[in-house]
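Trainee: The lines below spell out each chain.
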Amino acid sequence: EAGVAQSPRYKIIEKRQSVAFWCNPISGHATLYWYQQILGQGPKLLIQFQNNGVVDDSQLPKDRFSAERLKGVDSTLKIQPAKLEDSAVYLCASSLAASPSYNEQFFGPGTRLTVL
Amino acid sequence: AQSVTQLDSQVPVFEEAPVELRCNYSSSVSVYLFWYVQYPNQGLQLLLKYLSGSTLVESINGFEAEFNKSQTSFHLRKPSVHISDTAEYFCAVSDRGGKLIFGQGTTLQVKP
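Protein sequence lines, in the order shown, are assigned to chains A and B. Counted the way our numbering counts, the first sequence spans residues 1 to 116. Counted the way our numbering counts, the second sequence spans residues 117 to 228.
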């Protein structure tokens, strides 16, 4: 079974530029998550989708970050304009469902973003 | 609100020695508890989880963790570590809605 795919793996941009990350979850997984992992910290949830609807985006900086999951499969996360503090690894994860019972989250390899 | 505190940012240990990585959490509701491992340049992998039932849970590679509700802890232990266990370890909690709250991570450095 293929895992969660993410691209690109690495991205270097200058501040105020825009960038987009792509995630393809495991086939059949209804729930998709984007996490931000700043160096030296644990991952922090940015947004959670159930199919193509947003379940939780309370920690997404909506003035610069946006995410979509059209057709309930692939997802893109965009930053526009980027700031220095956005340098981090962006992790995508997917699970069969979110609740009420437990469903394991499977993580992709991440996209390492460096903002200069 | 839920939170997770990993009490040690780095734990150096010699090969074949025992190790304990400490994790405390706070939550007002029943939770699921997890340990994830991240090897260099790789994604997060689930190491073990506590959902319900027995408070002692084990992984396939010799790690174990014990859920202690009174102390709100979920410490990770291994009686004898290997060089290959060198990695970043994250403790996490979930309120059953799917969202994971992670600690800041503990770097386990196994020395020969």
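Keep in mind the hints are simulated off the structure, nothing from the lab. Each residue gets a CB set at the ideal place from its N, CA and C atoms; glycine is no exception. Do not rely on the hints blindly, as some may be mistaken.
Restraint ranges, calculated between C-beta atoms of paired labels, are given here [said to hold, decoys possible]:
1) A:Tyr-10 to B:Ile-199: 22 to 30 Å
2) A:Glu-68 to B:Gln-126: 36 to 44 Å
3) A:Pro-8 to B:Ser-170: 39 to 47 Å
4) A:Asn-52 to B:Glu-132: 32 to 40 Å
5) B:Tyr-155 to A:Lys-44: 16 to 24 Å
What the simulated footprint calls covered on chain B by chain A, stretch by stretch (three residues with Cβ under 8 Å from a Cβ of chain A suffice, anywhere in the stretch; the number is not a length) [claimed, not checked]:
6) 126-135
7) 219-228
Trainee: The structure should be examined with respect to each hint, and the outcome stated for every one.
Mentor: Okay, the hints, checked on the actual structure:
1. The hinted window of 22 to 30 Å between Tyr-10 of chain A and Ile-199 of chain B holds, with their beta carbons roughly 27 Å apart.
2. For Glu-68 of chain A and Gln-126 of chain B, the Cβ-Cβ distance of about 39 Å falls inside the hinted range of 36 to 44 Å, so the restraint holds.
3. Taking the beta carbon of each, Pro-8 of chain A and Ser-170 of chain B are about 43 Å apart, inside 39 to 47 Å as hinted.
4. In this structure, Asn-52 of chain A and Glu-132 of chain B break the distance hint of 32 to 40 Å, their C-beta atoms being roughly 51 Å apart.
5. Our hint of 16 to 24 Å for Tyr-155 of chain B and Lys-44 of chain A holds, since their Cβ atoms are close to 21 Å apart.
6. Requiring three or more residues with a Cβ within less than 8 Å of a Cβ of chain A, the coverage given for the segment 126-135 of chain B is violated, as only 0 such residues are present.
7. With 3 residues having a beta carbon nearer than 8 Å to a beta carbon of chain A, the segment 219-228 of chain B meets the requirement of three or more and the stated coverage holds.
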